[in-house]
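**Student:** Chain by chain, the residues:
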Amino acid sequence: MSAHTHDDHSHAHEPGFVRKYIFSTDHKWIGIQYGFTALVFLFFGFCLVMLMRWQLAYPGVPFPVEFLNKWLGEARMPGGVMAPEFYNQLGAMHGTIMIFLGVVPLAVGAFGNYLVPLQVGAQDMAFPKLNMASYWVYFIGGVVMMVSFFVPGGAAQSGWTSYSPLANITVPGGAELWGRLLTGQSLWLVGMVFLITSSLLGSVNIIVTIVQLRAPGLTWMRLPFLVWAQLVTSFLLLLAFPPLEAAGILQLMDRLAGTSFFLPSGLVVSGKELVASGGGSALLWQHLFWFLAHPEVYVLILPALGIVGEVIANNTRKPLWGYKSLVYSAIFLGFMSFIVWAHHMFLTGMGTTINAFFQTTTMIISVPSIVILTAMILSLWGGSIRFTVPMLFALAFLPMFGIGGLTGLPLGLATSDIHLHDTYYVIGHFHYVVAPGTLFALFAGIYHWFPKVTGRKMNETLGKVHFWVSLLAINGVFLPMFVQGLAGVSRRLYDGGTIYLHAQDVLVLNKVMSHSAWLLGAAQVVFIINFFWTLWAGKKAENDNPWEATTLEWATPTPPPHGNFAQIPAVYRGPYEYSVPGAKRDFTPQHLPQEA
Amino acid sequence: MSAEIVIPYNDTERPDTGLYNAKLGVWLFLASEVMLFGALFSSYILLRVSADRWENGAEILNVPLATLNTMVLIASSVTMVLSWAALKAKNFPRYRLCMGLTFLAGVGFLIIKTLEYGAKFEHGIRPADSTFMAIYFTMTGLHALHVIGGMIVNGYLLGPGAKMWFTEPRRFTNRIEVAGLYWHFVDLVWIFLFPTLYLLPGK
Amino acid sequence: MSTEHHPEAIHKQVSLYWKIFWALAVGTVLTVAVSFFHGWGVIIAVIVALIIAAVKGSLVAGYFMHLFHEVKWIHGLLLLTAVFFVALIALVMWTVADQQGQAHGIFIVPQKHVEPAAKGGGH
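Chains as they are written, first to last, in my numbering: chain A, 1 to 596; chain B, 1 to 203; chain C, 1 to 123.
These aren't lab readings, by the way, just hints derived from the structure by calculation. Take the hints with a grain of salt, since some may be wrong.
In the PhoX-like style, the derived pairs of lysine-lysine whose C-alpha atoms are separated by at most 25 Å in a straight line are [stated by the list, open to error]:
1. C:12 - B:90
2. C:72 - A:324
3. A:129 - B:163
4. C:19 - B:90
5. A:464 - A:540
6. A:20 - A:129
7. B:120 - B:203
Some chain C residues close to chain A (C-beta under 7 Å, calculated; not the full set) [claimed, not checked]:
8. 84
9. 87
10. 92
11. 94
12. 95
13. 98
14. 99
15. 100
By construction, the Cβ of each residue, glycine as well, lies at the ideal position given by its N, Cα and C atoms.
Let the hints inform the model, and build the full structure from the sequences given.
**Tutor:** Following this line, the structure appears as structure tokens:
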């Protein structure tokens with residue numbers, strides 16, 4: 001392997017606007033495309049739930065924003081009151097959009113694409129053109145999902161989990177094949193095929209980049225933890241997504257070709273026996289779905305853990321505690337994630353032995369998560385902590401992820417799950433991990449790497465307001481869910497539990513949660529203002545490495561040029577050489593040769 | 001692009017892994033394909049085991065045609081690997097011949113498949129008729145889509161893509177190797193699909 | 001394997017590939033022939049079919065796809081994939097085999113039996 005110098009900066013090769021900004025093959029620009037698109041989808045998905053929360057707090061009361069009622073129309077908001085079918089669409093699409101169009105593209109597509117080549121000392125991803133294709137396939141998938149809102153019957157409305165037989169029969173679309181395709185659920189399936197394809201191509205790229213393009217001297221145990229996290233994540237995406245793609249094809253066959261992969265015999269719908277060959281298995285869908293969807297939740301958390309690791313090391317000015325335990329835990333976590341999925345199916349009539357198996361693997365998988373969290377907490381001990389905005393988000397992540405993880409334990413134990421399954425407790429559990437968990441980590445990442453990507457630092461004061469209001473509001477949204485869940489309030493209830501006797505005492509929490517959600521929305525406006533204002537007129541970062549970090553992405557000009565490094569760096573040490581005894585400064589970058 | 005980006009190990013192997021990039025890439029992709037067809041085989045097993053009766057493939061499907069198709073696909077695998085061997089021997093005309101035969105074999109496979117499907121539809125047999133027909137059409141249909149995909153790649157490498165042999169022979173040879181890996185995998189899937197659907201007894 | 005070969009080595013490879021082709025052809029004929037034999041039960045039939053297919057598959061994978069000479073990275077990747085492939089099939093099958101209400105299972109939960117209500121009675 002030889003180093004390549006780039007003295008040639010002739011602008012005779014300068015690509016046109018389309019090549020440079022629309023169909024770019026530069027991993028950094030693709031990362032920005034992913035990031036921007038994902039943030040828009042995240043905000044849109046959040047708006048869906050802010051709308052839903054009006055119905056939950058004030059069921060039957062017309063929505064107070066008249067022009068929105070008019071725009072949504074009488075079918076969706078008759079008399080300004082949300083129709084139940086529309087509520088279901090909002091619920092199903094909120095989950096789908098946040099996970100597949102928001103968090104994963106941001107965590108993997110944006111952060112992964114932007115940072116992995118830089119942190120391994122490469123000029124770009126292994127397959128730049130494939131990378132470009134991955135983004136556009138994701139984009140098309142997103143368009144298909146958005147279009148699904150406007151077809152007859154509206155968007156998918158059987159939960160993001162699309163369980164059969166409900167998802168099979170909801171808004172069938174009639175006799176014509178075209179009509180059956182242009183239904184919300186069918187388009188959801190088509191959109192998923194695009195999104196899965198994009199993920200698969202992206203994960204191949206990330207794995208090959210990490211394995212093959214590491215700079216000289218960058219051994220496996222010198223990789224930043226973020227790179228390890230992205231590597232394991234990509235393996236999860238690579239091997240767990242295809243069964244969902246298969247399931248999607250089967251459900252599409254059911255909806256479009258009239259097959260009965262997931263339809264049992266003798267199904268009666270609205271008093272009429274369904275005309276289908278029958279013989280299918282609704283549980284088959286659940287198996288294929290959860291085979292992906294469980295590893296998927298580790299796809300949601302691992303990149304976040306990677307980001308938090310980088311931010312903590314940098315802002316404590318000391319190495320991460322237990323680097324090896326972090327790496328082995330991440331690998332073990334990834335492996336175990338493939339054999340726990342049926343803990344989502346404890347109440348489907350599986351026998352006690354198989355339940356015991358999945359309960360055991362689920363308990364085992366909590367161990368590496370606890371090891372990682374503990375290592376990060378221990379990393380704070382004796383640190384010289386800088387309370388920058390990224391660090392605030394990273395610090396808050398730790399207890400929030402702790403709550404999310406701990407509340408998962410009664411769900412992973414089959415007996416307690418009998419009481420808690422499909423209640424608001426579940427929603428509280430997974431949102432704690434993804435919202436004040438992953439999303440906070442992603443915010444930490446945005447604030448942390450903003451100066452490298454743009455050369456400007458986001459405003460500290462606005463950042464702190466964003467942080468504190470979000471932290472308060474987000475707990476206001478999700479903490480009450482545990483209370484409601486323990487009281488027995490089911491999830492996906494259109495009226496938030498109003499008609500149920502057992503829910504009466506906890507109904508008031510609906511108002512608490514809704515007002516918290518709207519406050520949370522307002523706090524994000526602060527972030528959006530900060531983001532764009534900084535881009536246009538923000539304070540310039542003092543140098544190429546304003547946070548005084550050690551990893552390779554900070555060893556480039558700002559923003560990194562096409563090709564990243566004028567010369568491929570050589571790596572001499574691990575990624576977190578902060579406060580090395582006897583060193584001149586409190587950080588020693590990876591690429592600097594031994595100091596005298 | 002103000003500076004040329006050179007991705008290392010595109011054509012040469014990285015010493016500590018022994019791989020060039022596209023080879024690792026295609027094996028990773030094939031691993032995901034194993035999971036895709038694996039999920040369909042798992043579905044087949046679950047549906048079959050749960051069913052009270054299951055059709056006898058040999059009575060409903062055309063075993064002779066499918067056996068012929070199996071031979072066609074196996075032959076195409078041989079011609080595919082021979083086309084790569086021809087490039088290693090720097091024999092471009094023989095590469096063209098073998099790759100051409102591979103492509104033709106693919107066409108043959110698809111023609112026979114069309115005959116099979118056509119015969120079914122003529123007799124009014126559709127995927128919706130039973131779980132067996134549903135899984136038969138879905139698995140062979142998805143497999144056929146993969147054949148088409150492979151043929152598009154092979155066709156490109158036979159036609160416009162073959163120009164690369166004259167400018168970057170090593171890189172081109174690697175591309176044929178990678179395309180071959182994909183094509184062999186498609187053959188591999190059929191080797192399991194054929195007895196499963198056509199030859200296993202019913203119940 | 002993009003290392004250069006000598007012409008004789010490539011010639012040997014080519015004749016090997018043809019030998020594999022004939023082996024695969026024989027295997028295919030064998031598979032079909034064996035399927036005509038109805039003496040054994042379904043389970044044996046499945047096992048025999050699987051064995052023949054596995055042998056044929058190994059030849060394609062091992063020789064045409066060069067897997068027998070591949071580096072350990074690829075072997076490791078495929079081993080990992082195989083583990084998950086088996087898990088996907090085996091664990092799903094296990095859930096079909098082990099269902100509520102059956103007497104087998106390592107934790108046998110005593111079931112209470114409720115007498116059915118008299119005909120015409122309400123709930």
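**Student:** Does each hint hold? Answer for all of them.
**Tutor:** Right, here's what the structure says about each hint:
1. In summary, the hint linking residue 12 (chain C) to residue 90 (chain B) is supported, as the alpha carbons are separated by about 16 Å, within the 25 Å threshold.
2. Proposed proximity of residue 72 (chain C) and residue 324 (chain A) is supported: the alpha carbons are some 23 Å apart, at most 25 Å.
3. Distance hint between residue 129 (chain A) and residue 163 (chain B) is fulfilled; the C-alpha atoms sit about 20 Å from each other, no more than 25 Å.
4. A distance of roughly 23 Å separates the Cα atoms of residue 19 (chain C) and residue 90 (chain B); the hinted pair therefore holds under the 25 Å criterion.
5. Pair hint residue 464 (chain A) plus residue 540 (chain A) holds up; C-alpha atoms about 19 Å apart against a cutoff of 25 Å.
6. Proximity of residue 20 (chain A) to residue 129 (chain A) is assessed by CA-CA distance (about 13 Å); at most 25 Å being required, the pair is judged to hold.
7. Between residue 120 (chain B) and residue 203 (chain B) the CA atoms are separated by roughly 22 Å; this keeps the pair inside 25 Å, and the hint holds.
8. Taking 7 Å as the C-beta contact cut-off toward chain A, the hint placing residue 84 (chain C) at the interface holds, the least distance being around 5 Å.
9. At its closest, the beta carbon of residue 87 (chain C) sits 5 Å from a beta carbon of chain A; the interface hint therefore holds under the 7 Å criterion.
10. Given hint, residue 92 (chain C) at the interface with chain A, holds; its Cβ is 5 Å from that chain's nearest Cβ, closer than 7 Å.
11. Contact between residue 94 (chain C) and chain A, as hinted, is supported at the beta carbon level, the nearest pair being about 5 Å apart and thus within 7 Å.
12. With a cut of 7 Å, the hint placing residue 95 (chain C) at the interface with chain A holds, because the nearest CB-to-CB distance is about 5 Å.
13. Below 7 Å, beta-carbon pairs count as interface contacts, and residue 98 (chain C) has one with chain A at about 3 Å; its hint therefore holds.
14. Proximity of residue 99 (chain C) to chain A holds as hinted, the smallest CB-CB distance being about 5 Å (cut-off 7 Å).
15. Checking residue 100 (chain C) against chain A by beta carbon gives a least distance of about 5 Å; that is within 7 Å, so the hint holds.
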